[in-house]
Amino acid sequence: MKKVLLTLFLASIMLGAFAQERQISGKITDSQGEAVPGANVIVKGTTIGTTTDLDGNYRLSVPGESETLVFSFIGMQTQEVAIGSRAIIDMSMSSDVQQLAEVVVTALGIERDSKRLGYATTTLKNEDLTKGRSISPLNALQGKVAGVNITQGSGQPGSSTNVILRGMSSLGSNNQPLYVVDGVPVNNTQLTTNTVFSNGDFVGGIGSQGLNGGLDFGNRGNDINPNDIESITVLKSASATALYGSRAANGAIIVTTKKGKKTATQGRKFQVDVSSSTVFESVLRLPDFQNTYGQGFFGTTDPVEQTSWGPKFDGVVRPWGEVVDNSQLIKPYSALPNNVKDFFNIGKTFTNNVSFSGGTDYSTFYMSYSNTNANGIFPTDADSYNRNTLSFRANSNLTDRFTAGFSANYVKKNSSFISTGQNSATYDELLQTPRDIPVVEAKNFNDPFFNLDNYYSYYSVNPYFVLNNNGNEFNEDRVYGNMNLNYQVSDAVGVTWRVGGDVSNSQLSTWRAILQPTPGSPNDGISSEDPGAVGEQAFHNFEVNSDLMVNVSVPLTRDIDFGGLIGYNVNMQRSDANYASVAGLDIPGFYQISNSSASPAVTQSTVERNIVGAYAQIDLDFRDYLFLTFGARNDWSSTLPKENRSFFYPSVNTSFVFTEALGISDNILSYGKIRAGWAQAGNDAKPYQILPVFVPAGVSDGFRSLNFPLPGGTQVNGFEVSNIIGSPDLQPEITTEIEVGFELGFFQQRLNFDVSLYDKSIKDLIWNATLPRSTGYTAQTVNLGEITNRGIEALMTATPIRTGSFQWDVSVNFTKNDNKLVSLTDGLDEITLGGLGGNGVNLIARPGEPVGLLNARGPKTTDDGRIIVGSDGKPVYGEREVMGQAAHDWTAGLSTGLTFKGFTVSGTLDVRKGGLFYSRSASLTQFSGTSVVTQYNDRKPFIVPNSVQEVVDGDNVTYVENATPITQDNLYSYWSDGGMGKDEAHVLTRSFTKLREVSVSYSLPSNIVSKTPFTQVRIALVGRNLLLWTPSSNRFADPESTTFNDGQGLSSSFGEFGATPSTRSYGFDLRVTL
Amino acid sequence: MKNIKRYSLVGLIMVIFSTSCGDDFFDINTDPNLPGEASVQLVFPAGTAISGFIIGGQYQILGGIWSQHWAQSVGASQYANYDSYDVQSTTLDARGYGELYNGALNDLKYVRDESLETENWNYYLMSTVMSAYTFHVLTDLYDNIPFTDALQGLNGLVQPKFDEGTVVYDGLIEMLDEALEKDLTVATSIPPGADDIIFGGDMDMWVQFANTLKLKIYLRQVNARESVASAGIQALYQDANFLAADAHMTQFADELNRRNPVYETEVDFSGFPNLVLSNTLLTYLDDKGDARLDALFNFPNDDTDGPHVGLIQGNFRAQTPTNKDGLSQPALAPLDPIYFISEAESYFLQAEAIVRGYGTGDAKAMYEAGIDASFTKLGLTPDATLYAAGGAYEFPATNAGDAQIQAIIEQKWVSMANSQGLESFFEQNRTGFPDFYTVAVNNVTAGNFPRRLLYPDTEISSNKANVPAQVNVFTKVWWHK
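Chain order of the listed sequences is V and Y.
The first sequence begins at -14 in our numbering and counts up by one.
The second sequence begins at 209 in our numbering and counts up by one.
Be careful, since some hints might not be right.
In silico EDC-like links for lysine to aspartate or glutamate, alpha-carbon gap of 16 Å or less [what the hints assert, rightly or not]: (1) V/Lys397 / V/Glu458; (2) V/Lys326 / V/Asp385; (3) Y/Lys672 / V/Glu815; (4) V/Lys748 / V/Glu771; (5) V/Lys243 / V/Asp327; (6) V/Lys845 / V/Glu815; (7) V/Lys397 / V/Asp476; (8) V/Lys243 / V/Asp38; (9) V/Lys100 / V/Glu645; (10) V/Lys12 / V/Asp40; (11) V/Lys627 / Y/Glu382; (12) V/Lys671 / Y/Asp235; (13) Y/Lys672 / V/Glu112; (14) V/Lys671 / V/Glu593; (15) Y/Lys424 / Y/Glu382; (16) V/Lys100 / V/Asp814; (17) V/Lys100 / Y/Asp232; (18) V/Lys627 / Y/Asp235.
Keep in mind that the hints were calculated from the coordinates and are not lab data.
Construct the complete structure from the given sequences, taking the supplied hints into account.
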């Protein structure tokens, strides 16, 4: 305290040098009577001023002629007070609700008043994030933020969330934003098969990539306990994120966690918050099944067939399945409309959370523990997610100049995920189940009728066997946190050092049972026979990030304040993985690498990346209504060639609060700001794309492989020249973005508009360009083109009604992004980004068109659009053509809330229009005759409408009217080819509307609560994804489902390949404060 | 004063931080998982085994079906496109053409370049022979191929032009001759060991392999460029040093991904539903009472005493039998070698050279040695009665009406069943023998036999300017009779 006085004394002497007048002192408190430290007290019209100390006291010498003092503090209403003759002026400042909501955490954790920002931001508070009780803090953003596209891959608990800000901006690199917790970047790896098994040379079943057995154990961004989050700010533009450097080129998700409460000032030692919720989950969307035709083929019944190409249901009792011990099951030949739906359970998610927080004016702490235990909709716990989080944070003002903060988080996850795709995946089997087969009766997979030997179809495996015997389990221990030290060298200069770490240890176990029907049994020789396999992967991630910053804040003139920042950032990332797998098990049910006479495949990998950045920012503030910010950063990245390692990018943005400048402050227009920004951001390459390497030798024919070392008397090892040519000239990808926007507030901010227009261009895209195989290589890493994203984001918030006890809020956001691949290098007119490969439906990119086009083969047509059929009457495949882009044309969100006394009702609607996706569910249900669309023409013979046959005579092609009908003989193959649309029939519109979130809560009135040990009690009914509307052409799948997660966001936009169904959830939530 | 101290402290910290990240901090972009260098001893077996895996794997299946040793079974359809000649530009694209270029040939080129630089002539010869062998297969399958411009990706030549078949052929001879001229005894020539997965380090046999390959290349041109063939072969007969043993790869074990590739994929992985005995081969061997039939094929339904049942070529939609169990299936084993040039093939090549008068020696003896070697290869005792006077395979007294050539090529065709289908497909294209092939019943080529593969999609899409216009699968390649 002595020091404080000394400083104040010195300060007053210095100030005294300007004018030797009178002393004024006082105390500033908030509306609760608590001291407000750090508030500004300025003599109006001068640069004379001071700030309050920790007790809210100030002392100031003012010139004699001074008339008015201005009191201001972030989040409080600025007030002016006439001095008169008083020597003591105490001030009670009231919080400015509107302003408080707009203190924004910007890049590097710097808090700034939103009016100073020359770019758009959106901040959601804890209340918005936890309303729907999603276990993912990211899913909770869905529908609430403009310019952001958030999708969850599947309904399995813990599956990953893709976040794309302002459109796709990279072809070969990451499109996901940077995740930042309390100013420190954290790891957001998506733990999908493409990541997990990237080096796994895995044949014989387990976890092959892409189309077979896809797994998704979630992204690490979802590890954060939503209850610990104070707010999430979405920084979309390069202007906003440039200071973060290359990793934030796709935007940033800034998470601010809760700090301890200063309970001592309220006479309490600490505060305890407890919340508990129970949420149930059920299937949201299954394909529309037909209920007219049952098990069979070619229009006749077949008791062991796995398709629904049988005759019409007639209700006659018939045997089905195999003959076992001279007996056979019987059932009426009639539809079971819910046979697939009945397979699924009600999923349950229990979340319990307790937090303790407390502190004094000098030190605070916050501790929390949470447990989330989810078991998804599939029977058994093969789809489950268990997350425990433990958090501790403390902040202390060690001296009046020196503050320190510390935060540590521990996350333990155990999750199980069901294989998706086509390889005896459970959902894949279910979609094909004939419409009359009571699949739930097969629950006992040891029953003689339902065991491996005799399960009803030779083409199928009992899904209960798969669920109970195969598994994929993921365990992870993760610790992340940070420490920050701040030293205020002088009133004008402060130094901050913030260092954070993120370490995780993970283990993935995956196993497949021996699947071998007894020789001679009906199912002997089925294609899914499997010798059993087991794979184990251990991986370790390490990341450390350090920022050392010096900031300066001085008034330059009476009207202009100067703020400056220089900083130095070091970021190191490392990951290690060890992987072993073996196929062909000896002891059934025992899943260890040792359990095989075959040699295990073993791989290891280490990836390192170091980045250093130096950055500077200058803020100029003219009379608190015109703001100008210049920024610049230089990065040095280890992933680029030495001569291109260093790259520089500047930014500038400005904000003009014209209502303040022009003195407009009437009841109609109460706030008005225009803003503009221009910024660049660089993005480095992935590690190891520069130098030529050799890879362990091996070759595959698509089914099996030849692995080295070669066996024999002397084993022979081998290495091959890598098929990818590195690029010694690789440049960073550079994003340049222009953004303009305005914010308007009407009627005392009862009606607000926030609109942004942006134009973002990403040059020198890094991509592995395909080479002709005859060059000896398959691809070369090059900088090859440019992408632009242009768009508009608009947000309107309104409070149409606000009376004493009743309030109604509405918020509408709208986003439209136009994405375009402007150019590729010469000679390249198309690149394939993902999809099924070969002749199948693919995701491609072409210059002049959006990145991510769906490309498929439709029917061949004549020039005047008639469908050409073959001699069998079936449409023939035409050339592959682009059907449209994967991305939505526009998206919109509508949120509303009603508050009446203790009641709050709120809801969010998420509307997304346009775009296309591939659906295996569509393909499979047409193939197996279970889809409602296969009822076309009552399955009677028909001639493909508007069809002709081609007559080729030399070079002369003519067409004759087609007279060959589709009959039962080829009806099945007609539909399995997609019917009239061929492959194009499996590409569906991505449009949908979802009722994202509904919550009804009630806080007990204080007169009741006061009779309990609690200070606050709240109960709520919550629901998420309750309803889904899609255009009538999509009768197959939730457009949000995706299987192709590669952790980067682009290829996952292709669609679903047997992704498990999405879910709706509903439940209740109880929160009490002690 | 106080502030100056404070600022100095801060300055000092900044200096410490900024100097801690020198070049070392960034020089971590050398992939720790993959080596930047590898010896020729490690790369040679990789290139050779990949070439073997493709030629002895998927190409063997294609060749086995197109040589009418095998047919696509009923009740399955994996290779129905081969057996109906329904090939597309995607057929054996990345996993055939592609693997041979970017899997095998680029490794072999690395070995050639390295060994040329270090005057390591042993590895230079080995890698040159394997390169020439692989290019030869490609040009015979596709006719014009990238050759002089090929494999230059690292030098920035990323749009290779296609060379005419004759240019490739001349180039192959030239590269073999150049490698053969080197002095293998110099000190810089490192003796290979087990990494020579074909001859275990026996360089004499590599010279024989090179000569036999040259003989094969010359004979292939005999219809199109007779003078080139005759001159070349006559030169070879200066010392007539040809293979008297198999040039094959035997490094297999009966475990996952270490087996013979046809066995691995077709038997272990697919459960063997696709490949069955072709009626063409069945009829021929059955008529002659040839014991090789029972060694090459298992009886249907796991019977021990037959009879064999074959399938008419292309008849995979037949309703009976209902699946492969009712048909004879090839007797494949996990440790079956992959043959590049078999001993029998060497003898048959020499027999033909002699018959044509380019080489010297006893054609009949060579022919019979070929038949014997074919029996031995199957673990059978040679049966001299078959080619004795009056026997089914008696060598014709004269070559009138190409009778001797026909006998040689038919025996070559039999000797290549189950193991060298692609080579016997080429030889049938060249000589027209066997002349009793039946065109597949479900063919999509208007009754024409397939003669080549179509240029692959990956090459067309990435090298548009250079890929020749696509022709039909039944268009003959340049050396075709």
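How the hints compare with the structure:
no.: 1; hint: V/Lys397 / V/Glu458; result: holds (13 Å)
no.: 2; hint: V/Lys326 / V/Asp385; result: violated (64 Å)
no.: 3; hint: Y/Lys672 / V/Glu815; result: holds (12 Å)
no.: 4; hint: V/Lys748 / V/Glu771; result: holds (4 Å)
no.: 5; hint: V/Lys243 / V/Asp327; result: violated (43 Å)
no.: 6; hint: V/Lys845 / V/Glu815; result: violated (22 Å)
no.: 7; hint: V/Lys397 / V/Asp476; result: violated (43 Å)
no.: 8; hint: V/Lys243 / V/Asp38; result: violated (24 Å)
no.: 9; hint: V/Lys100 / V/Glu645; result: holds (11 Å)
no.: 10; hint: V/Lys12 / V/Asp40; result: holds (8 Å)
no.: 11; hint: V/Lys627 / Y/Glu382; result: violated (42 Å)
no.: 12; hint: V/Lys671 / Y/Asp235; result: holds (14 Å)
no.: 13; hint: Y/Lys672 / V/Glu112; result: violated (58 Å)
no.: 14; hint: V/Lys671 / V/Glu593; result: holds (10 Å)
no.: 15; hint: Y/Lys424 / Y/Glu382; result: holds (14 Å)
no.: 16; hint: V/Lys100 / V/Asp814; result: violated (45 Å)
no.: 17; hint: V/Lys100 / Y/Asp232; result: violated (43 Å)
no.: 18; hint: V/Lys627 / Y/Asp235; result: holds (8 Å)
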